[in-house]
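Build the complex from these two chains, which are given one at a time in their own frames, with help from the hints.
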Amino acid sequence: MRFTVVTATRTSTITALLAIPAIVLLFALPAFASRALLQELFYVFTMLALAQLWNLLAGCAGLVSVGQQAFVGVGAYALFAFTVMAGFDAVPSIVLAGVVAGMVAVPAALIVFRLRGAYFAIGTWVVAEVCRLIMAQVKQLGGGTGTSLPTDVAGSILGLDQVRDLFSVRGPAARDILAYWLALLLAVGTFILVYRLLRSRYGLALSAIGDAEAAAESAGVDVFRTKLLIYVLTAIATGMAGALIFLQKARISPDAAFSLLDWTAYVIFIVVIGGIGSMEGPIIGVLIFYLLQYYLAALGSWYLIILGGLAILLMLFAPSGVWGVISQAFDISLFPVRRRLIAPGNVAKEKESSV
Amino acid sequence: MLGWVDTLLQGILLGGLYSLYATGLSVIFGIMRLVNLAHGDLIVLAAFLMLALAAIGVPVVLAVAVVVPLMFAAGYALQSVLLNRALGRNILPPLLITFGLSIIVQNGLLETFSADTRRLDVGHLQSASLPLGGGIAVGLMPLICLAAAVGVIMLLNGVFYRTALGRAFRATSDDVEIAQLMGINNKSIYAVTMGIALAVCAIAGLFLGARANFDPSIGPARLLYAFEAVIIGGLGSLWGTLAGGIVVGLAQTIGAHIDPEWQILSGHVAFLIVLVIRPRGLFPRAVD
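Protein sequences appear in the order of chains A and B.
Sequential numbering from 1 applies to the first sequence in our numbering.
Sequential numbering from 1001 applies to the second sequence in our numbering.
If you are wondering where the hints come from, they were derived from the structure by calculation, not from laboratory data.
Each hint should be verified, as a subset may be incorrect.
[As the list claims (entries may be wrong)] Per the computed footprint, the stretches of chain B lying under chain A, defined by three or more beta-carbons under 8 Å from a beta-carbon of chain A, are:
no.: 1; stretch: 1030-1038
no.: 2; stretch: 1043-1051
no.: 3; stretch: 1056-1069
no.: 4; stretch: 1095-1103
no.: 5; stretch: 1177-1189
no.: 6; stretch: 1223-1230
no.: 7; stretch: 1275-1283
The structure displayed is predicted, hence computed values, not measured ones.
Yeah, the Cβ is synthetic: ideal placement off N, Cα and C, and Gly gets one too.
Bound conformation, chain B alone (with noise of 0.2 Å):
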């Protein structure tokens, strides 16, 4: 029965991570109904990005805060300069184009850094747990791992219903020629956009760092569960995104709990299930 509880909380703080990871996908979607098959690479990305820093003699909580800007930086550019290039009616040429660049970023990254497994170092906040009685303790990190996805969902949803650019990426979401009509530049909104995301993801790169051992090729993995907490949750709600991640956390440490080698394959099956109940997801908001 302990066993059961201590399996369910992890499997809640794990979603925390996954719907971090799968913020990003979600806003990129809901306003320009793309995907970037370099997400999880480029999650990896950061998380190598703060490793450089730290092993430079750079505190972690700087390492953040220099790595958080510079993707937001990577993503203005990367939609300004290659992805408004290739918008249009063919989701083709975006879907490659992010794919070319996963290739490009997982073995950039196998080349200047190795295969070898990392780790960030986080000091003693690593082993921290937070006893909560009965014999159950959770890790300090996951903990803060998940209110960071609910601190990141939170201040996203500020910006996106609270101010005025929230309302212009809500138009261009809505209808983006009547938004144009409006004066609004798309491409300029869609730039942010990315920023944003691979802003998010910067973070989601520390807590992958921190909480387990990374190495330039599990990039698509994380992908593959961002993608699948997005779908869970429903196209278009950022709750709906975090419900979705711990859907898909709870499934996997459920499966690891029964044979610790059905972990992968049950997060994989939850998400089939609920797209066969539930095609549109469990909070949907968004009409793709």
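Okay, chain A solo, but in the shape it has when bound (with noise of 0.2 Å):
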């Protein structure tokens, strides 16, 4: 008897198909749409990458973590240091601040995979509290007050030019344009690099290993490698997110950069709103945030209350979120990550019912 194994469906190919020209269209968007709508979706990318990334971690590889801010602040603070006082161009400086990322993540992991569970979670945050305050203790990028981006930096980044002479439009707009390409760019990298990782071998051993730790183990999996990998992986993404996120905001500071609530407390948020585990979770997530947001933020401290209050009775009632539910109730998934085993007299049925 031959088995084949199959995660593809007919939903996901379409999808797959209609994902095409949406990407096209967005990436054509700077073309007729106002610099407002631009900003907010510059904010809506970079969370979902994010989203995304936190989702890998902690969806799939079960790392919870509550310090992805030490990456986000690590990556700023490069792209900060690589522009102000290397001298560098900002769109190199993000991949470099990537790397640098990488590179914090490896002794972090190193010293927090000792710790397990929701002992884990908070070992990161501590990581992430030491990053800030010796974020804090540079002096050259402004100690714990922060700097701004000189402007001369901000105005003369790799292919703003061209920007500026393609949509003709000033020194500002074409700066809001090209950012916004950037976190599109990461944020469709961000989904592609997760969707490829969790649908080879790794997203078999991580699935393994989600199901019993010790089971994958004796079955071959490398445990720690695996974990350690998607750590890093994930590190270097979220430092690329946040070297993109402060060139944007022109500014930085250790409470902004190092921030809890803006860079690990939404970002959870928009997972488990959205439903853990699944890669369409984070993407209707961000929806929902950014539309509670748009509608509530004024609320001020409510507003989080709200937040709060809405993340407890989503894990009381519906841990797997709104994508779990609706998938749950009719059996979809437009990007299937899970492995199915057709039995031989099973292909060709399930070639018929896709015709």
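If you want it as structure tokens, here you go:
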């Protein structure tokens, strides 16, 4: 008997085909969208990237971190160091900032991996605090009060002139367009990275670890190496997101760059409300989060109380999130990462039903 | 030299406060392997409750007598209404519920009491000190705080090792399935555990408010100190937690003595060093 392993479904093929024109459309958006809309979408895309990464870490690898602000902050500070202190261009600096975040993640992982479960979570938080306190000591980058990106750095980013000529806009508007494109690239790149990773042998290893760590280990999965790989990869991409976010903000301070609320609490909320452990969850989550913020952020601390309350209710009554409820009710998966085993006789049937 | 002796003494006394923060966390972890991310905010909540009672003319001693049972009831309710429903192999639901709770408590306090820094008025105790000779004196309040930390641990150990209830606690901690077979209702044990933890939080809140200024935003930092004390001490041992608190306190005052900006950082670094050298802490008892 020969069995076939299948991940794709008809829905997923259609979704993938539809995603391509959607992304092309988003890339062309600066030609007709307002500057304000591009700025809003910049925020949505960077939060989506952070959410996909946290989802990979916590939802798929079981590494529940509440310290991802460490890598956002390290990436952001690395960007400022490369551009302000070393005089590099901002775009390659974003990539370098990711590398720096990855280099910080290796020793951090070796320490916090000694803690398990919930204690791992607080351990990552301590690491983030250590990074924040160390960065507050760097006087060249403004110490505890922070610093602004000099206008000559912000005004001479790679590709800025071309964007200015292409859309015939002024400097600040061209910067927003460039930042928007970079954010879109980051969000799409992160999505493809996570999606491909989960459909590769590492994805299989991760779901095995999630089901039974000891059994996975005895079946030949190198648990430590797999987790380390996911942790460092996530840190690199999170660092790049942090660099991009603070390039756009053009101002940095330790409290803003290492904010637990902005870069971890909101991100966790997005993943949890959308549906943890799925590719679709963070996308739905970021849309719900954006709407909530749009309509309720003016309430100040009451807004945060509502978010906290929603998270608690969700954990009690629908721990699989909005997408979990939808996909269970209608049995659909737009970006499937689960493998289905199909017996020889059923291959034909499967083909028939998909005609 | 005198400066260093004073620094070490202050560090040990500060450690008393930190181990009070940590005792509740240690108890919760020891019995139900749960981490309460709202722990620090609940300590701050207790301090604000005492402040509110003091504002309507209730003396501090009486305020403590009201807030400690109140926090016990709140812990019992929190566990039986919310956390017991989310127990299981997956650590995410309880972690995120307490994370949500932390945000609610913090912002609720901000909305009710504003972001102003406050302090509990404990009368002449505030500035009273005990001369030890040789030009060194220790504050009476920090000393009482350390004594309270030791007292709480002795009391809890007495309950855990000398009473029938304590036996049920230890049985649940060792093996919850077997304990259930023996007729123990683990959910009610968990509720009492959370009640005890929050009652200790109330005592910690008293000393937090009496020793230093506080405002609604300082909870998470207290959670981190408490967590570090628990891990340094070793999981499952309350005396270890006291030692862990003292290590964090000493590291912070020594760091601050070298450069005031290094105070908090040195505490965290000491924790990371212990984690590298002795990942199971100084006095481990439980296996997680």
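Quiz item: Which numbered hints does this structure break?
Solution: 2, 3 and 5
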